[in-house]
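Dock chain H against chain R, hints included.
2 protein chains.
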Amino acid sequence: MQNNKDSNEAEAYQVRKLEITDKNKGFMELLQQLTVCDPVSDEEFQNRFEELKSCGDDHVICVIEDATSSKIIATGSVFIEKKFIRGCGKVGHIEDIVVDSSARGLQLGKKVVCFLADHARSNGCYKVILDCSDDNKAFYEKCGFKQKEIQMVKYFI
Amino acid sequence: MQNNKDSNEAEAYQVRKLEITDKNKGFMELLQQLTVCDPVSDEEFQNRFEELKSCGDDHVICVIEDATSSKIIATGSVFIEKKFIRGCGKVGHIEDIVVDSSARGLQLGKKVVCFLADHARSNGCYKVILDCSDDNKAFYEKCGFKQKEIQMVKYFI
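As they're listed, the protein sequences go chains R and H. Letter by letter, the first sequence follows residues 1 to 157 in my numbering. Letter by letter, the second sequence follows residues 1 to 157 in my numbering.
Here chain R stands alone, though its shape is the one from the complex (with noise of 0.2 Å):
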């Protein structure tokens, strides 16, 4: 029945906010995919685990677990910035946005932007922000984003 194959599907791809024991999952393999990832020790994820988790909801990290096979296929980072401008207002800031290659076409990308730009909606933002290629334009269009500016970066290493 349809019914029940969506209803599964929406199961099998729930977006939650990272766990410590996600390290065991592939969390760490997923971001690989995204840029240069070095392996770190269960000790320095642990400290930074709990450095992020001391921010509360200014800064999330959000995963979906593929309930199958219990790997971490897509993840996501918001974080909140406190400003002046704007009657003191909050902007939210996407980071690291990634899909396991074995799982595009699922609308997981979609799912996780979603729902980090409704957290930062709900937690006061004015708006929502991220840095792209011009490859990832498309995608962020579909997602209700719109360009705006450049960004420029400065390398220290």
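Just so you know, these hints were derived from the structure itself, not from any lab. Predicted, not measured: the structure shown is a model, and the values here were computed from it.
Identical copies carry no separate label here, and so any pair may be met within one copy or between two of them.
Here are the simulated lysine-lysine pairs, BS3-like style, with alpha carbons at most 25 Å apart: (1) LYS142 <-> LYS111; (2) LYS90 <-> LYS142; (3) LYS23 <-> LYS82; (4) LYS142 <-> LYS17; (5) LYS111 <-> LYS71; (6) LYS110 <-> LYS146.
Structure of chain H alone, referenced to chain R:
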């Protein structure tokens, strides 16, 4: 004497961290030259100031005060994002750079950007990033930045 003049100028345009009394020195009016910046009450200002102060080195707003007029004539901010990628690396995000229209040409913008980039570097960031308009690209190139990606935005209000 040239040396005294230079030394006086350096004295007159020192970069320092935002202080709570800067609200009465034109800090909010300066931000109005950047974007929409509604007036905020002293209580709202103090609350936001304390929130940011509690972040310590992870979120710093700096200013330049004109020693003659006691007005804030330049500002900028940087916050440090903690990641899992790059061996639990950190990234500095520069925001809200503005120089008073009457103080252009004194290299104050560059001073502010260098202060914030140095802060990010000395706090262990592997890079510092910012978003700007095409019009400001040349200025940030003079500060050592290169264009990398594009910025996407989604407004909630």
